[in-house]
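Undergrad: Next come the chains, spelled out residue by residue.
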Amino acid sequence: MASRKPARKAALYGLLTALAFIFAYVESLIPLNLGVPGVKLGLANLVVLAALYLLDLKGAFTVAVVRIVLTGLTFGGLFSMLYSLAGGLLSFAVMALLSRKSRLGTVGVSLCGGVAHNAGQLLVAMAVLETGTVWYYLPVLILSGTAAGVAVGLLGGIAVERLRRAFAHFSG
Amino acid sequence: MGKKLFGRRDLILLAVFLLIGGAALLFQLARPAAAGGVAEVSVDGELVAALPLSEDGEMVIEGYGGGENTLVIRDGEADIVAATCPDGVCVRHRPVSREGESIICLPNRVVVTIRGGKEAAVDGVA
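Going line by line, the protein sequences match chains G and L. Count along the first sequence from 1, then add 37; that gives the number in our numbering. Count along the second sequence from 1, then add 4; that gives the number in our numbering.
Be a bit skeptical, because a hint or two may be false.
Said to hold, decoys possible - Calculated cross-link-like contacts (lysine to any residue; reagent style SDA-like; alpha-carbon spacing at most 20 angstroms):
id, chain 1, residue 1, chain 2, residue 2
1, L, Lys8, G, Thr99
2, G, Lys77, L, Gly11
3, G, Lys77, L, Arg12
4, G, Lys138, L, Pro90
5, G, Lys77, L, Val95
6, G, Lys138, L, Lys8
7, G, Lys46, G, Gly109
8, G, Lys46, G, Val103
9, L, Lys8, G, Ala203
10, G, Lys138, L, Arg12
11, G, Lys77, G, Gly114
12, G, Lys77, G, Ala123
13, L, Lys8, G, Ala188
14, L, Lys8, G, Gly109
15, L, Lys8, G, Ala205
16, L, Lys8, G, Val63
17, G, Lys46, G, Phe58
18, L, Lys8, G, Val103
19, G, Lys77, L, Gly26
20, L, Lys8, G, Ala184
21, L, Lys8, G, Gly114
22, G, Lys77, G, Gly109
23, G, Lys77, G, Lys46
24, G, Lys77, G, Ala203
25, G, Lys77, L, Asp91
26, L, Lys8, G, Val161
27, G, Lys95, G, Lys138
28, L, Lys8, G, Ala123
29, L, Lys8, G, Phe204
30, G, Lys138, L, Arg13
31, G, Lys95, G, Val131
32, L, Lys8, G, Phe58
33, G, Lys138, L, Asp91
34, G, Lys77, G, Arg137
For the record, the hints were derived by calculation from the structure and aren't laboratory data.
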């Protein structure tokens, strides 16, 4: 759906990207410190989840990558962007597959995406630091990825329903 | 295609992840502090120092690209108390004392890892 008219498509892409941007900002305001790096709520992931259900695969991918580059340049740096990209791309791949090929609901899809995101970041950390010790963080990151994934899946699922109705309403 | 929020499958998945994560975490936390362990300090993959946890001390680590991290050993725990890196993740990290635990500073490429004693001297450094 949502790809019949180019203007509508552009508006929807822009809306989702802007939303991701705001989420990233809001999240940068919330200091979450559990003594382990990498534990995040991942609110911006909500947008990627929504994009997967509202747009085609290409569109969702575009939103996912644009969001990481934009928020990375604004709130992080090239360095943290590399981590976000690794986590984001792996998470996207997992969620894209599950949202289309499995019978999981948004919560299950998002949960797997959250865990995949953390695993992707660990892989980059391992490559950069040339050490295996980062695997020590895996249990905490599985748990935090799961919790964040569930929260995002619930919120995202509700958002998708509303956005879908709103767009159906506008297009008549 | 999935319009629903969650179903039975999602709950099973959730339970499995919580179980795996929780069990792994418990396993980690159940282990005692590494008596006679050392805090290995490496910069950009190179081992630069090994400080015994039994001796209180302090060390300024010169990281990759000129950054510095201050490592303190106290009461058998290793903690990074100050750093020049922008995010300070390593400073906020809790002190480490168990075998395999580590504090990592990504910008300075500094890794402090606890090793349980002499048997695990230098591995992973090719």
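Undergrad: For every hint, state whether the structure bears it out.
TA: Now for the hints, and whether the structure bears them out:
1. In summary, the hint linking Lys8(L) to Thr99(G) is not supported, as the alpha carbons are separated by about 25 angstroms, beyond the 20 angstroms threshold.
2. In summary, the hint linking Lys77(G) to Gly11(L) is not supported, as the alpha carbons are separated by about 25 angstroms, beyond the 20 angstroms threshold.
3. In summary, the hint linking Lys77(G) to Arg12(L) is not supported, as the alpha carbons are separated by about 26 angstroms, beyond the 20 angstroms threshold.
4. Between Lys138(G) and Pro90(L) the alpha-carbon distance is near 42 angstroms, which puts this suggested pair outside the 20 angstroms criterion.
5. At roughly 17 angstroms between alpha-carbon atoms, Lys77(G) and Val95(L) fall within 20 angstroms of each other, so this suggested pair holds.
6. Restraint check for Lys138(G) and Lys8(L): satisfied, since their Cα atoms lie roughly 15 angstroms apart, inside the 20 angstroms limit.
7. A C-alpha spacing of about 24 angstroms is found between Lys46(G) and Gly109(G), which places the hinted pair above 20 angstroms, so the restraint is violated.
8. Note on Lys46(G) and Val103(G): the hinted pairing holds, with a Cα-Cα distance of about 15 angstroms set against a maximum of 20 angstroms.
9. Pair hint Lys8(L) plus Ala203(G) holds up; C-alpha atoms about 18 angstroms apart against a cutoff of 20 angstroms.
10. Pair hint Lys138(G) plus Arg12(L) holds up; C-alpha atoms about 17 angstroms apart against a cutoff of 20 angstroms.
11. For the given pair, Lys77(G) sits about 17 angstroms from Gly114(G) by alpha-carbon distance, which is consistent with the 20 angstroms threshold.
12. Proposed proximity of Lys77(G) and Ala123(G) is supported: the alpha carbons are some 15 angstroms apart, at most 20 angstroms.
13. Between the alpha carbons of Lys8(L) and Ala188(G) the distance comes to roughly 15 angstroms, so the proposed pair stays at or under 20 angstroms and holds.
14. About 32 angstroms separates the Cα atoms of Lys8(L) and Gly109(G), which puts this hinted pair outside 20 angstroms; it is violated.
15. Between Lys8(L) and Ala205(G), the direct Cα distance comes to roughly 18 angstroms. Compliance with the 20 angstroms bound is thereby established for this hinted pair.
16. At most 20 angstroms may separate the alpha-carbon atoms for a hinted pair to count; Lys8(L) and Val63(G) exceed this at roughly 27 angstroms.
17. Simply put, Lys46(G) and Phe58(G) have alpha-carbon atoms about 18 angstroms apart, close enough for the 20 angstroms limit, and the pair holds.
18. Using a Cα cut-off of 20 angstroms, the hinted pair Lys8(L) and Val103(G) is violated, with the two alpha carbons roughly 27 angstroms apart.
19. Taking the CA atoms of Lys77(G) and Gly26(L), the gap is about 18 angstroms. The hint holds against a cut of 20 angstroms.
20. Restraint check for Lys8(L) and Ala184(G): the C-alpha separation of about 19 angstroms stays at or below 20 angstroms, so the hint holds.
21. Using a Cα cut-off of 20 angstroms, the hinted pair Lys8(L) and Gly114(G) is violated, with the two alpha carbons roughly 37 angstroms apart.
22. For the suggested pair Lys77(G) and Gly109(G), the alpha carbons sit about 15 angstroms apart, so the restraint of at most 20 angstroms is met.
23. In summary, the hint linking Lys77(G) to Lys46(G) is not supported, as the alpha carbons are separated by about 30 angstroms, beyond the 20 angstroms threshold.
24. Among the hinted pairs, Lys77(G) with Ala203(G) is inconsistent with the structure: their alpha-carbon atoms are about 30 angstroms apart, more than 20 angstroms.
25. Taking the CA atoms of Lys77(G) and Asp91(L), the gap is about 14 angstroms. The hint holds against a cut of 20 angstroms.
26. A threshold of 20 angstroms between alpha carbons decides the hint, and for Lys8(L) with Val161(G) the separation of about 34 angstroms lies outside it, so the pair is violated.
27. Proximity of Lys95(G) to Lys138(G) is assessed by CA-CA distance (about 16 angstroms); at most 20 angstroms being required, the pair is judged to hold.
28. Between the alpha carbons of Lys8(L) and Ala123(G) the distance comes to roughly 28 angstroms, so the proposed pair goes past 20 angstroms and is violated.
29. In summary, the hint linking Lys8(L) to Phe204(G) is supported, as the alpha carbons are separated by about 18 angstroms, within the 20 angstroms threshold.
30. For the hint linking Lys138(G) to Arg13(L), the alpha-carbon distance of about 14 angstroms falls within 20 angstroms, and the restraint holds.
31. A threshold of 20 angstroms between alpha carbons decides the hint, and for Lys95(G) with Val131(G) the separation of about 15 angstroms falls inside it, so the pair holds.
32. For the suggested pair Lys8(L) and Phe58(G), the alpha carbons sit about 26 angstroms apart, so the restraint of at most 20 angstroms is broken.
33. At most 20 angstroms may separate the alpha-carbon atoms for a hinted pair to count; Lys138(G) and Asp91(L) exceed this at roughly 39 angstroms.
34. The straight-line distance between the Cα atoms of Lys77(G) and Arg137(G) is roughly 26 angstroms, outside the 20 angstroms bound, and the hint therefore fails.
Hint check: violations occur at hints 1, 2, 3, 4, 7, 14, 16, 18, 21, 23, 24, 26, 28, 32, 33 and 34; the rest are consistent with the structure.
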